[in-house]
Amino acid sequence: MSDMDSLYKKGALSPLDFHFARFMERLSGGSVPELGLAAALISRVTREGHVCLDLSRAPSADSGDAIVLPERRRWEKKLRQSGVVGEPGELRPLILDSRGRLYLYRYWEYQEELVKAIRGRLDRDNREAEVESLRSGLAAIFPESGSGEVDRQKVAALAAARRRFCVISGGPGTGKTTTVAKILALLLQQSKGDRLRTALVSPTGKGAARLQEAMKKAKEDLPCVQQVKALLPDEASTIHRLLGTVRGSPYFTFNAQRRLPVDALVVDEASMVDLALMSKLVQALPPEARFILLGDKDQLSSVEAGAVLGDICDTGNPHPFSDGFCREIHQITGYRIEGNREAPLLSDSIVRLTKSYRFGQESGIASVGRSVNEGKAEEALQVLQEKAYEDLSWKPLPPLRSLAGALKERALEAFHDLFKVDEPEALFGRLDRFRVLCALREGPFGVKAVNLAMEKIFREKGLIHGREKWYRGRPVLITRNDYTLRLYNGDVGIVLPDPGAGGDLRVFFRSPDGTLRTFHPVRLPEHETVYALTVHKSQGSEFDRVLFILPDRDSPVLTRELIYTAITRARERVEVWGEESVFRRAASRRTARLSGLRDALWDED
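Going by this note's numbering, the residue at position 81 of the sequence shown is 79; the numbering climbs one at a time, nothing skipped.
Listed below are the simulated SDA-like cross-link pairs for lysine to any residue, each with C-alpha atoms no more than 20 Å apart in a straight line:
no. : residue 1 : residue 2
1   : Lys114    : Glu85
2   : Lys418    : Lys459
3   : Lys393    : Val580
4   : Lys353    : Ala212
5   : Lys374    : Gly314
6   : Lys215    : Ser539
7   : Lys446    : Trp575
8   : Lys467    : Ala447
9   : Lys374    : Lys385
10  : Lys217    : Lys227
11  : Lys227    : Ile139
12  : Lys393    : Gln380
13  : Lys467    : Phe417
14  : Lys7      : Glu23
15  : Lys353    : Ser143
16  : Lys385    : Ser361
17  : Lys393    : Gly403
18  : Lys114    : Arg257
19  : Lys75     : Arg97
20  : Lys353    : Ala216
21  : Lys76     : Ser96
22  : Lys215    : Ala228
23  : Lys385    : Glu577
24  : Lys75     : Gly98
25  : Lys217    : Leu194
26  : Lys467    : His414
27  : Lys76     : Pro91
28  : Lys215    : Ile139
29  : Lys75     : Arg55
30  : Lys353    : Pro141
31  : Lys418    : Glu466
32  : Lys446    : Asn487
33  : Lys454    : Arg470
34  : Lys374    : Ala590
35  : Lys467    : Arg457
36  : Lys454    : Pro396
37  : Lys214    : Glu540
38  : Lys406    : Leu450
39  : Lys214    : Ser539
40  : Lys418    : Glu453
Just so you know, the hints here were simulated from the structure itself, not pulled from any lab data.
Build out the structure end to end from the sequences listed, making use of the hints.
Structure, rendered in C-alpha cells:
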C-alpha cells in the first residue's frame, strides 16, 4: 500500500484529494507514488487555506498520525521528471519553485499576478504632486489638534497621495474609513479639476452597506468645500458586483482584457479577501489606477486560500518607513519619525493606525485585544477575569445540559422583538445590538447547537409557533453566493409577513443603498439560522454586545486571530464563556498559512 493510499484509508485525505492525485499520475503516464502523494497533499492544504505545499514540512494529519515525507531532493527530482510539474512560468498543472514550494498552477498564477500588480504600482510612485500643494491640502483636511502627537491618518493620506498602492491597517475604531474619505478629498484637490473615478468595495453585502454608511458620515464631517464633497463617491458595492459575475462560471465581466473604468479603488475589510478574488480584482484594475486596501491585519484571514493582507503587511515583523519617506513626511507635515535606511520599498506604502477613537484607556476590549495579539495568553485571561473593566466579563463554560438555561435570559432580552415588531429596518438595528459568536460550527458548543438551543427557548416561550422551519422573526444568513439574485455569502435577512404578498412570509434583506428587498423563502440560496454565527462569518460586522462561546476542548482552528476577531466585534461589551486551558492554548497559537506572497513582496533580491 502506498503512502497516499494509507493516508486516504486513515481519513487524512478526502476523496477529492485522492482522485486528483490519481488523475495527476495518469497524466504523467503511470504510477508515480511521489507525484501521487504531492498532488494529494497540495489538494488538501489548498482546501485548508494554504496557497502552496512546503515539501520540507509535512502538514498535520487529522488522524493524529505523522505524515512521513520523502527526502526532499529525491522528491523534487521525481516531481520534475513527472512531466506534470513545471517551474514558475511554465504551463503545467503543478508548479514547483526554487524554495521547494508546490502550487496548483492557478494559485501560482494568482500569486504572480498580484505580486506583479503591487510591485508595478510601487514603481509608479506619484512624484508629480507639488510639495507646497500637498502641504496646504493636508493642513486643510487634517487640522492640527495641538497635542503634538503624530497624526498617522495624515501620514496615511500623504502615503496614498505619493503612491499608487497603499495599505491602511488598524484595529476597530481607528478611523480607517474616515481616513480614506480624507484621502479621496485630498486627491480630488490635487487633481485640479480632473475627474477622479472612484470605486468603494467590500467582500460582503453587509460590509458594503457599512462602508457606504461610514463614507456618508465621513463626508458630512470633512473640512473641505462642498464642491469637493459632491465629487466623493456615494455608493459602495461588493467586489463581485463591481467585477460583474458571469453566471455559471468563475469568471467576471471585468478582467485583464476589459479593465474597470476607475482611477482609484478602495477595498474595505481586505483581510477577508482571498488570494483568488484579490488577484482577479487587481487584474481588472488599470495599471495606472490607485489601489488602496483598508483592514485589520491581525484579524482572521479569508475562509478560502491565502492570508493576503497579512502577507502584504508581513504580519509579525515591524517595518519602519524608509529614511527618504521620513524626510518627506517632515518636509510636508513637520512630523519627525525615525526611519530605516535599508527599509524595503513596500514599507512606505503601509501605514498602521494605532489611535482608537472608539476605545479609550479604560477599555477592557482594547486591553485584552492587545494582549491576545501579542500572544500573552495568561495576561489576556487575567484581564478578562479580574473584573476591572465594565466592558468585559468571563464565565466558565456551562455544562452541556445547562446550555439552553444559561442562554435563556440573554436570548429573550436580545431577540424578543424579532417576533413582535413588523418594521424590518427596526429589526435590522436590533440584530446589530447583540450576537452570539461561536468558535466552531459543529460540536456541542458550536453554531448549530446554539441556534437549536435558541429556537428551543423561543418555542417554549410561545414566540415560535409549531415546528415549521420558516417562522416570523427568523434571522437567516446566506452562506453561498447567488449572483442572479444578488444575494451573497454573509448577507443577513429577517423573515416577516409581507403586506405586499398578502401577509405571507417573505425574507427581507437590506441592500447597500439602504433599500429593502424581499424573497420567497424557497428562492434563497444556501442559508442558515443566525442567532449565533461563527467568528469567521462575523468578520465585517460589529455588534453593541457580543457573547463569545469557546468549545469545551482544544482545536487547531482556535488561534489568537480568532480570539481577537471575536472580541473586537463588540462595540460596547463582550462576555466570554470558556475553559481556561482552551483559551490559553488558543491565544498562544498563531494562524500560519503557507504562500510565497510574503517572500515575493518583501525579498529585495
